[in-house]
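So the sequences go chain by chain: A and B.
Take the position in the first sequence, starting the count at 1, then add 370; the result is the number in my numbering.
Take the position in the second sequence, starting the count at 1, then add 340; the result is the number in my numbering.
In case anyone wonders, no lab produced these hints; they're calculated from the structure.
Take these hints with a grain of salt, some might be off.
[As the list claims (entries may be wrong)] Some chain A residues near chain B, calculated using beta-carbon distances under 10 Å:
1) Leu-385
2) Leu-387
3) Glu-395
4) Gly-430
5) Pro-433
6) Thr-452
7) Tyr-563
8) Ile-564
9) Val-576
10) Ala-584
11) Ala-631
12) Ile-659
13) Arg-661
[Said to hold, decoys possible] With a straight-line cut-off of 16 Å between C-alpha atoms, the simulated EDC-like cross-links for lysine to aspartate or glutamate are:
14) B/Lys-459 / B/Glu-483
15) B/Lys-601 / B/Asp-659
16) A/Lys-393 / B/Asp-469
17) A/Lys-397 / B/Asp-605
18) B/Lys-558 / A/Glu-594
All values derive from a computational prediction rather than experimental measurement.
From the three backbone atoms N, C-alpha and C, an ideal C-beta is built for every residue, glycine too.
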Amino acid sequence: MRPEPVRQLFARLALVLGRESAKLELKWMKQAHAASASPTDLPTMLERRLQGEPLQYILGTTPFGSLDLLSRPPTLIPRPETEDWALRLASTISPMANRPISVLDLCTGSGCIPLLLCHLWPPGSTRAFGVDISPDAIRLATDNAARCNIPASDHAFDNPRNTFIPVLGDIYDPGLLKELDPPFDVVTSNPPYIPQHEYDELPPSVKDYEDPIALLGDPPGAKEHNGLSFYERIAQLIGQQGILRDGAIVALEVGQGQAEAVESILRKRGGLRTTESWTDPWGKKRVVIGRT
Amino acid sequence: MSSPEDIARARQIKELEPLHEAWTQWTRTRESLQETLPLLADTDPAMRALASEEYTSITSTLTSHIQDIFPHLLVPASTTRQLSAMMELKSGVGGSEASLFLADLLRVYTRYANVNRWKTQVIASNQTDGGGLKDAIVEVKGEGAYDALRWESGVHRVQRVPATEASGRTHTSTVAVIVLPLAEESESMNGDDELFSMDDVKVEVMRARGAGGQHVNKTESAVRLTHVPTGVTVSMQDERSQHQNKRRAFQVLRARLMDIKLTKDIENRRATRRNLVRTADRSEKIRTYNYAQDRVTDHRIGLSLMNLTSFMEGDGVQDFLDALQRNHDEDVMEEMIGDADS
Numbered sequence: 371m372r373p374e375p376v377r378q379l380f381a382r383l384a385l386v387l388g389r390e391s392a393k394l395e396l397k398w399m400k401q402a403h404a405a406s407a408s409p410t411d412l413p414t415m416l417e418r419r420l421q422g423e424p425l426q427y428i429l430g431t432t433p434f435g436s437l438d439l440l441s442r443p444p445t446l447i448p449r450p451e452t453e454d455w456a457l458r459l460a461s462t463i464s465p466m467a468n469r470p471i472s473v474l475d476l477c478t479g480s481g482c483i484p485l486l487l488c489h490l491w492p493p494g495s496t497r498a499f500g501v502d503i504s505p506d507a508i509r510l511a512t513d514n515a516a517r518c519n520i521p522a523s524d525h526a527f528d529n530p531r532n533t534f535i536p537v538l539g540d541i542y543d544p545g546l547l548k549e550l551d552p553p554f555d556v557v558t559s560n561p562p563y564i565p566q567h568e569y570d571e572l573p574p575s576v577k578d579y580e581d582p583i584a585l586l587g588d589p590p591g592a593k594e595h596n597g598l599s600f601y602e603r604i605a606q607l608i609g610q611q612g613i614l615r616d617g618a619i620v621a622l623e624v625g626q627g628q629a630e631a632v633e634s635i636l637r638k639r640g641g642l643r644t645t646e647s648w649t650d651p652w653g654k655k656r657v658v659i660g661r662t
Numbered sequence: 341m342s343s344p345e346d347i348a349r350a351r352q353i354k355e356l357e358p359l360h361e362a363w364t365q366w367t368r369t370r371e372s373l374q375e376t377l378p379l380l381a382d383t384d385p386a387m388r389a390l391a392s393e394e395y396t397s398i399t400s401t402l403t404s405h406i407q408d409i410f411p412h413l414l415v416p417a418s419t420t421r422q423l424s425a426m427m428e429l430k431s432g433v434g435g436s437e438a439s440l441f442l443a444d445l446l447r448v449y450t451r452y453a454n455v456n457r458w459k460t461q462v463i464a465s466n467q468t469d470g471g472g473l474k475d476a477i478v479e480v481k482g483e484g485a486y487d488a489l490r491w492e493s494g495v496h497r498v499q500r501v502p503a504t505e506a507s508g509r510t511h512t513s514t515v516a517v518i519v520l521p522l523a524e525e526s527e528s529m530n531g532d533d534e535l536f537s538m539d540d541v542k543v544e545v546m547r548a549r550g551a552g553g554q555h556v557n558k559t560e561s562a563v564r565l566t567h568v569p570t571g572v573t574v575s576m577q578d579e580r581s582q583h584q585n586k587r588r589a590f591q592v593l594r595a596r597l598m599d600i601k602l603t604k605d606i607e608n609r610r611a612t613r614r615n616l617v618r619t620a621d622r623s624e625k626i627r628t629y630n631y632a633q634d635r636v637t638d639h640r641i642g643l644s645l646m647n648l649t650s651f652m653e654g655d656g657v658q659d660f661l662d663a664l665q666r667n668h669d670e671d672v673m674e675e676m677i678g679d680a681d682s
């Protein structure tokens, strides 16, 4: 190790992040370097961080609840806000092995939400599917499932396990859900929700590194420009006959200021009877919960 | 599988063992005395000499029972004997030299824990540029860790020439140590000791994240807990995971609240007595490490140990902890005698 460059790089990082954050990040880089046989040395990590690359891509992992998930560009890095509501959702529902439930996660990305639910709920209680349009995301979700020791299928009758199946698919494809074995007891999603005008203002660590299709709330050619296109589509999907089981729960993450609009979409188009919003640790309405 | 009743019973038997052993030995020695007494007047001088020797050894055994073994059995079994410990170390006066000494002390405690087969884990620490530690929280997991280490609470003072000091002047620096009782997480889940209600704990995240969510991918995992009734606050930011930081912050909070409860229990017990025994003040200087004189002195019991290296690199800390435990036991016995007199 060359100590002098590290010191200089750290000083520059402290100017960007503040001294306290820079110290913590340096410590985590040292820990990650010591823990893995990765060839990335400390100066390289610091240089990449100084160029604006997210720490999670540099270290290659992101903690999510009690899981330690892989993070690879360009798939969206799991956020602490998502971790918070996913943990809360996990403690709201208590499925049991004698009556397993079906979970559908749309725009699954790294697979963080269904994997955490599978990890926290009792063995044999949960069958989860995670749909994403990005092959990169599906590869990462598959690797993460293996890392968390959650199989895609379960054949052991005496020792049941929770399962997670990553599915490459487009939620605008009319035939998508028929392949997935509905009805579902739980539907979750952290769909892209950032409107174009806000996207243009995003910090470089997000805009230059994370997949725009995981962030932009209105796909090209969409009617809406408020970042709500995917909620309209998800409401349409779950509003169809036979998709949700009676008593099902729907949890959709939303961006700042979108909660009320999404609650209304879920009631009007999704046919859900009751909706509420949960607040994240930073005081923002972060997830809309709907029930049949 | 053994039932909880079985475990409790086995524990009780184990705790009564020393009492049983002491009584058996006492009775047996008394019997030997009875057998020996007539022989002291035996006609055979050789036999008389033997008996006299025997008599001396028996009397000394009986005396040690009366003076030492029985009184010690009077000291009630510690109610905290099952607990693990959490040690908080903070550097005080002396700047970077205090931080260096903090790192040295941490090594002493880690080694001591290893010798006792307790598991240590540093759950929070602040490194300084010079290779020292500004502060640290270390968990020492294992039965008896709290009881053994609790005497380390207080201010530790070091007098030495810092490695960083070119002119060779001796500096005086301090490190404050607080030893907290640590219950197993699983134990406190069953509501045995209701230390706090979740409604009384305010959980705060430390920094603003603007719009948050997908808009921000910076790691902001720092957490602060405030126990509103006592005003105890715990901040934790060492882990990348907010979830982990929260879990650890709750561990520290639980340890601090348990500490408050134990202190209050002791005070309540003392308040019922006439003689107020001196309370352990954590801002009190308890020990000095003087490098120039190669000496460690504990100011509470006036014990000095020559050979500082054996403390810093060996098992010298054991001598102090043993002496402090003895001192504590004697205090307890004095209190009991005081109670009996009143």
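Query raised in the report: Does the structure break any of the earlier hints, and which numbers would those be?
Result: Numbers 1, 4, 11, 12, 13, 15, 17 and 18 - these are the hints that the structure violates, sorted from lowest upward.
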